Every structure is written in C-alpha cells, then in structure tokens.
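Q: The primary structure of each chain is shown beneath.
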Amino acid sequence: MIINHPLLGPRDASEFTYLGDASLIDRPDPEADDAAKQFHDYVYLRDNPVGEHRELWFHEHGDRSWLVVTRNTLTHEITRVELAKDVAIARGRRR
Amino acid sequence: MTQAFRLAKGGLVDRSQTLEFRFDGAAYNGHGGDTLASALLANGVRMVGRSFKYHRPRGIFSAGSEEPNALVELRRGARQEPNTRATMAELFGGLDARSQNYRGSLKYDLLAVNDLFSPFLSAGFYYKTFMWPKPFWEKLYEPAIRAAAGLGRLSREPDPDVYDKGYLHCDILVIGAGPSGLSAALTAGRAGVRVILADEDFRIGGRLNAETLGVNDMAGSDWADATRAELASMDNVRVMTRTTVFGAYDHGVYGAIERQTDHLPHSSGKPRQVLWRIYTRRAIVCAGATERSIAFPDNDRPGVMLAGGVRAYANRFAVGTGRSVSIFTNNDTGWRTASDLSAKGVPIAAIIDTREISPLAAPRGAAVVMGGRVTGTKGRHCVRSITLAGGQTIECDCLAVSGGWSPNVHLTCHQRGRPQWNEDIAAFTPGGDMPFGMRVAGAANGIYSLQNCLADGRETAVGILDEFGLNPPADDALTADEEAASISAFWHVREGKGRAFVDLQNDVTVKDIRLSHQEGFRSVEHLKRYSTLGMATDQGRTANVLGLAILAQASGKSIPETGTTIFRPPYTPVAIGAIAGRSRGKEFRSVRKTPGHRWAEKNGAKFVESGLWMRAQWFAREGETHWRQSCDREVRQTRASVGICDVTTLGKIDIQGRDAAEFVNRVYSNGFAKLPVGKCRYGLVLREDGLVMDDGTTARLGENHFVMTTTTANAVTVFRHLEFCRQCLWPGLDVHLISVTEQWAQAAIAGPNARKLLEKLVDPDHDISSDAFPFMACGEISVCGGVPTRLFRISFSGELAYEIAVPARYGNSLMAVLMQAGEEFGATPYGVEALNVMRIEKGHATGSELNGQTSARDLGLGRMMSDRKDYIGRVLSQREHLVREDGLKLVGFKPVDTAQELKAGAHFIAKGKEMTTENDEGWMTSVAWSPNLQTSIGLGFIERGDSRIGETVIAADPLREKSIEVEIVSPHFIDPEGERLRG
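Residue numbers (my numbering), protein chains in the order written: chain B, 1 to 95; chain A, 1001 to 1983.
Since the hints were made in silico from the structure, they are not lab data. Being a predicted model, the structure only gives us computed values, none of them experimental. Ideal placement from N, C-alpha and C gives every residue a C-beta, glycine not left out. You can take every hint at face value.
Per label pair, the in silico range of CB-to-CB distance: (1) A:1217 x B:50: 49 to 59 Å; (2) B:10 x A:1358: 55 to 65 Å; (3) B:33 x A:1869: 17 to 27 Å.
Think about it this way: if two alpha-carbon atoms lie no more than 25 Å apart in a straight line, the pair counts; the simulated SDA-like pairs of lysine to any residue are: (4) B:85 x A:1657; (5) A:1869 x B:40; (6) A:1869 x B:38; (7) A:1009 x A:1481; (8) A:1674 x B:31; (9) B:85 x A:1870; (10) B:37 x A:1881; (11) A:1165 x B:13; (12) A:1869 x A:1657; (13) B:37 x A:1670; (14) B:37 x A:1874; (15) B:37 x A:1729; (16) A:1165 x B:11; (17) A:1869 x B:29; (18) A:1674 x B:94; (19) B:37 x A:1730; (20) A:1593 x B:63; (21) B:37 x A:1880; (22) A:1165 x B:12.
Isolated chain B (complex conformation) (with noise of 0.2 Å):
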C-alpha cells in the first residue's frame, strides 16, 4: 500500500505502523460522572465497518507524524489522509 503523507508525499505503507480506529483521538472527560463507561467503551468497543474507515497511522520510520487515513477496507482504496494533530484540533482537542 501506498499513503501519500501530507508533508512528505507518497510513501510505501511498510514505513508506518498500524494503530486502528481513529476515535482513539477521542479521549473521554475523566471527570465525566460515567467516565468508567465511557472509557470502556472508548478502550474495548470499535466499530468493525465494510467500507469507509478512519484510522490511525504512525510514520514510525519517517517523521513520526501520527496521520488519519480515511482507507476502503474492501478495495484499500485511500481517499484521504490527515495529520492526525490537526484532526485532533479540529474536533476539539486543545491541552
């Protein structure tokens, strides 16, 4: 597979390390009053989907920038990658 990194350009997939499901990025509030059921469900519960799937890639033999790929899990079909830094930012995630 070929991820084309938003800084550095097209770069075969053996570079990266494979992490899953992009929620990850989505770190439940510890403070919330159901925190425990929220980080069980952040840590244990993934979807599985055909299709269309975010996730999240290292680019552990390059820059290690964390990236979003948005990756077809029938065809590998990669429709789009992020850096994951700037996902992050966008939904929300500040300090």
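Mind docking chain A on chain B? Use the hints.
A: Below, chain A alone, put in the same frame as chain B:
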C-alpha cells in the same frame, strides 16, 4: 545423439549451436533456443515422470508455464531444484535433469502399484481411511504417507546462490509480450511515458512464435523481433524477459521475479533471481490464454498433449511431437494445429471434432470425424492408438487435444475481482473489481483474433494516455493474418472405460469430482479442498474450468451458477530464497551494538540478543568455565566493591517545551509536576486500560527539559505512545519529543566504591559528594577534562550507584576509562545475568513482571497511582477486578530445602491440594541463584501475597516434573531499608 524428431527446417532454434545435456543419466543434444521439454521431445523422450498419486506414466503436456506433468529435478548437489517445469527450463550446455516421483526406475516404478488400488484412493480417501485407530496416525499412517508422497527431493543443503531485491517505478507496466502486449508497449513507449514490458518467456512474442500468423506482411516472430528492437532502443522503455509478474498488490504495486542466471550453467556469483517490487500508475495485463483439455478415458498417457503446445513445438522449436498425430478438438484452433503440422511434414492421422458442423479444411490423408469422441487410448509408456466412440481404432503416437482456451485472468483476481462467464467463448473473462489501475487487453480479455489483439493492445494504451492527458502517437495500423476460433463447449466423454483425468498434477478424475458432489461438497471451494482439484504447484491452470464444468453438470446448474475459484498470488511458484533475498544468516535482521561493544568483546563478553540489541551477558575471566561462575563473581564483586555495566540499550526520550512537566505528569501514574530540577524519579507508565505498560526513571535537567528512560524492550512502544498522546490527545501542549537512545552511551557504576571511582574522573568544578549529589540527584557535568556528561544517581542493583551518560562517540572509551579508574578497587564489568540477579535480590520488576497483564497494585506499587491528577490509565485502573483486595501480589520466594532450585514458570498450589487450574494461586516470574544468600531466590505473583509472608506453598512444575515446597518472603532480599543506595 541424433535428434530424431527435429524437423528438417524452420523454427526459432539456433541449429548452429548444439548443446549437450543429460536426462536420467543419458546424454542428448539440443539447440540454443530450446527448452528442456522441446529438446527431450526432439530426442523422442516421451515419458518424463510419474504422477503424484497413482504413479502413472506421464509425458510433456504443454509448451508453457501451465505444465502439470513435466516436473523434473534440475542440477546437482546444493543447487538441485525439484519440481522445475521442463517447459520453462531453458536449455544450456551441460544441463542435468532427472525425472521424479518413482521408486526403482522411471519405466518400472514400484509405487505404480498405487494405480491398482485406485478404486480405494478416490476423493477424500485420506479423510475416510486414516481415522482409526487414533494412535496409528502418528506412528504408522503419517510416516508411510510422507514417505510415498511429494514430488521432487530437496538437496537438504543450504542454497549456495544469491538472490536480490529491487524496486522499479513506471507509468505503465505491460504484463506479457505477446501481440497485445507488444502493441500496447509500442503505443505507450512512442508516447514517451515510462514503460516496463515483462514476459515470463526468454523470447519476446508469445503466440507469434508458436503460430504462423503474420503481421504487417512479416512473419509474426520477425515482427516481434523488430518490435523488441524498437522498444529496446527507447530510453523510457525497459524490456524484461524471463520475468514473471506473479502478484498484483494494493495501489498499483506488483511483484515480479526475474530469473537472471537460471539459463546459464553457473550463476558465477551473480544474483540467480531478482524479486522486483514494481510501483505503477497503470498496468495492462496481456497475459494471453491457456489451453485446456477434454476429459476422456486414459487421457493422461504420454503423447496426449495440448494442441497449442504441439503447434508451438512444431513452429517455434521445429520438433514433431510424433510420427503420426491425431487431433481431438471442440474448436477451430485444433484444425490449425493440423494444418501447421502437415505443412511441416508431420502426418495427421485423424481429426476428431466433437461438433456437428461441416468440417474445416483438413490436411490430405487425415481421417475427419465430426461429432466424434475419443473413448480411450492404448500404449504402455506412450500412446500407440486411440479408440473412438464408434469403436474405430486409429494408430497414432501423439494425440493433440484442444478443449478451448481460458484467458489468464489470474492477476485480475488478486484483490477481489471475480471473473465472469462468457458463453460465446466458453471461458471466464475478467470481471469487475480489478486491482487499482489495471486494464486487460487481448486474449486475457477473451479476444482471440490476432488482428483484434493488436488493436486492443493499442486502444488500451491510448485510453491510459488519455487519462494521463497525453496524445497518442500516430497509428501505424498493424495488419495481421486471421484464423477462425469458434468453439462449442464440450467437456468430457461419457463413453469408454478407464479414468478420465481433469487435474493431471494432482490425479483428480471426473469420477472424483462426481463423488465429491455426491458426498455433499457442492461449492467450488469445498470441491477444491476435498478432491484437491487445482491445489498442486500448477494451481490447476489447465484443469480448473474443466473441473467446474463437470461439477456444474453433476449439479444440473450452469457454470456461472456453480461459481468459479479465484486466484491468489503467486501466478507461478516463487522460490522462498528469492523472497528472502539477502535477508539470510547474519543478514536476516539488523543488529544493534552499543558504542561500548568493541570494548566488551575484547574483555571476554558473551553476548545475548535483546530485541535487535546485542548485550553483554557475562564477562568470562580466565579459568571460568560456566556462566554461573562469572555471574556469581560479578555479583559478589559489585556488592563488595564496584561493578560497571553498559546500560546504553535502555530507551531514552528527550522531552522539552513549556508544557514538558505537565506532559510527563500525564503519562506517568505518579506525580512528576513538582519534581525539582536536578532530581530523578522512578515512574510507571500505564496503558489506558489501567495495566502497566512500562517503568523507568525520568530526570528533570531543566525547568522545561526532561529525559525519560524506558526498558530496553519497550523503548519503541513507549515512544510511539508518547507521540500519540502529544499529537492526538493534547495537540495544544507545547512539548516536543525525540528519541536519544543512540545519541548517549550510558553505564551503571554500582557498589560501595562507586563514588570513589567516579570522583577520579569528574572534572574538579563538580561536586558529587553525598550531600551535594544525594540519592536520586541528576545533573549535567563534565568528566575527563571537558567531556559533556549527564550523571544520574539511581540504582537498579540496590547499591550506591550512578548512571553516567556521555555522547555516543565516547562510549567505547568510557568503558575503558571507568575500568582503568576502578583498577585499584578491583572493579568488575558485569553483564545482564549479574544485573538480573541483583535486581531480583532487590525485588525490582522487569519484563517478566511487567508482562502487559499486571497492574501497579499487583506489583506492590499501588501507592504510585496518584489520586490528585488525571493520567493515562487512571479511570480504568480503578475497575473492580483491578482493585480487589484478594488480587495477585508480587512477593519473593525461597525453597524450603535450600538445596533445591526454583524454576520460573512454576505455578503456586496450596499444600495438600490437587494440581488443577482451580487451585492455581499464581506463578513464579523470575528466579536466580543469589551468591550473597547462598540460595535460589525467586519473584512471583500469588493471591494476597503481601499478607502471606512466611507461609509455605507448592511451586508446581509438572511439565518438568519438579514440584517443590517454597516459602513466601518479602521481595526485598537484600537491604530492604535501602541504606546502601543512600550511602
């Protein structure tokens, strides 16, 4: 030797070059341009092997990579290669080949007795027969089956050849250099895009070499030669012969194997084969089509061949495959084989066509039977005659069979494409869902006319150029001879006795397929696995469609309703050696050495792998013959005076930024926000699920500057985790990370004389007295007259100890200088064995305890989980089962009888209880011989361990048949108050 079956003239072999070769010990001659198969046929060698299951005599069946029968052992000694297709082995002088799969001799094979038992050896035979009695499987059935099974033999020696890997990039990869491929490559090449044209054959041209059809008023093979020359002259085109594109992978990446020296007597040190990874924008599959057979009784006898192969041997290799050839066909191309052979002077005995149509033009003297069927063959080691449905017998020594052509759709299926049935040509053609950027042209796409193949190749290339926004080059309007190719599907002859083979390589017959269906294996995938149809090294290239058609008939369904098997890489077998490439032996994976490696080597270190790292395990002194002697001495000397250990392999992460303290505080479970500058602290990193990921010491070198250490094993994982936290969870924190593991060489100096030793090296403006530099202090100092140094007063051994870090380039001399300074104290270097003994004596956890299943509370480190802040893993670490009072606790163990030795991995069972899972209370994680305590000691997890000190339990080890009584003790065997390390 005479080549009795070599035709007087013609062919694309070099008659001026005579090559001597051996087959089964006998010497023969062939010509340059021959394959082993064509040279054998030229010499009248008809029988070349025995079949896999029934050991029936088999001959050459085809002229290409689809060959199911003619598998031979090539070369001798370590270079011996089994299961080589004689049809793909290029002839060279001195080639030495042997037939396979028989006991005794090829002609009188003792295992041919299997053929007599064939009624018992039908589909599913193994599943049904060897079920009972159970113990017989391992001791009797399996060894007997293994001895009889298999085709060729391995040399059992290491492969002496070299294999390489390479990477190529192109705009268009053209797979196959037949008419469509040449036409496509020519169009793309002339347009100036980067083209790779790859073909598995050593000669460009494909069917143009095997047939007699002309292009542009030239002989087809001449046009192919001229085109190859034009392509070779273009800088933007790379023509690769002897190169099989075997797999289509994601995003336009292809795997190809190039056989660089297989056609030469010796590889002469050059890479034998190269595995290419080809990155493409587009690919055009011009892989052609493969002929298939018709199933009829005794259709496996040597001399029964595919008609297209017979035609190729005559036209390309100038070899007559018989003195008198008959044709059995369901389509027009069989007739063309007859006319080509006849034109070369090979007599045609008969043409039997299954169709009820008016006959095509037949050679003079050939009997023509329309609506005919071959119902049997005779001849011991080769066909002598055939019998027809009407009882008529025809003498002939070769029967050329054509059951139609199957497009080579393999690469189109390598992602998820499924071929679709095309009734007009009675074959599967590429369906949708093809790999990214792939197009198909010519016969692979079900287009059989030569003129249309040339046009299709060009049009496909033009279509791609259009997608690239490029103009196509001027059309030079290729014109070609035409031939008829109509077909009326006919699969198998029902009349006659004897077995009708479908899959020649795995000996699967029509009856086997019917039996599978009858026994409920009705899906194609089930049929395949039950009968082994298509599962041999040829992957059923000449058999699959035929098998499917017979299954369809048995189930009364159409072929599309019955389904199809799809294909996975590789298209043809790829040697494991080529996949390994240079990653063999020491080059299997990279090795990491610390800067002090050379010093350690010189000083008697024995090394052990720790991930990729090589770490000194112990340092053998003269007279020490057992590792325990060295290890015990290192431990005793360190605790008595001073020892030095290379700890460079620990992961080191440099953390800087205005929010560095906040960041560190969030990734450790214990507090770090208020750690003063110039201090270290031991910390625990949890995973978000609340279990321990890693531990280590982190030093605060400045207000906004920390250096974190990790265990050697988890260095990569922790760094990845920290980057995840930084980029994905808290992108607003001002903090930056970089791994500095390899930038700093680090050594531990431990023992009561550690400070005295260090003071000799530290430059005078730095005070490392206990008051100025107490336990857990850290600082940036200099040694040896200005070498920048980081000093940490931390202890893993439990002694007064320091870790000293210098830039990596000083690492090797650091070890030497430390040892020199330590000479007066009798300093000893120590390895990871002694390190391990001392940490067990001190009750420190490492990998065996931090195994990803244990919590901070299990480790006795519950107090390190802060309740004053959030940190990764906090919420889930409070789950019910992780905070239960009766959970596991890390404690120490001693054998009650100190003569006994503890074993890691033993499980704890209360005395008097049975050794069952229900009674399992925990397990031993680490053990060592303590030279200080003169007993075996261990660490382990046991339920409520902290409140059971003094109790005795059984450490059960039934696997090693050693279960002993052990006492639960404190995990701190030595200096529990920690007075030494504060000294």
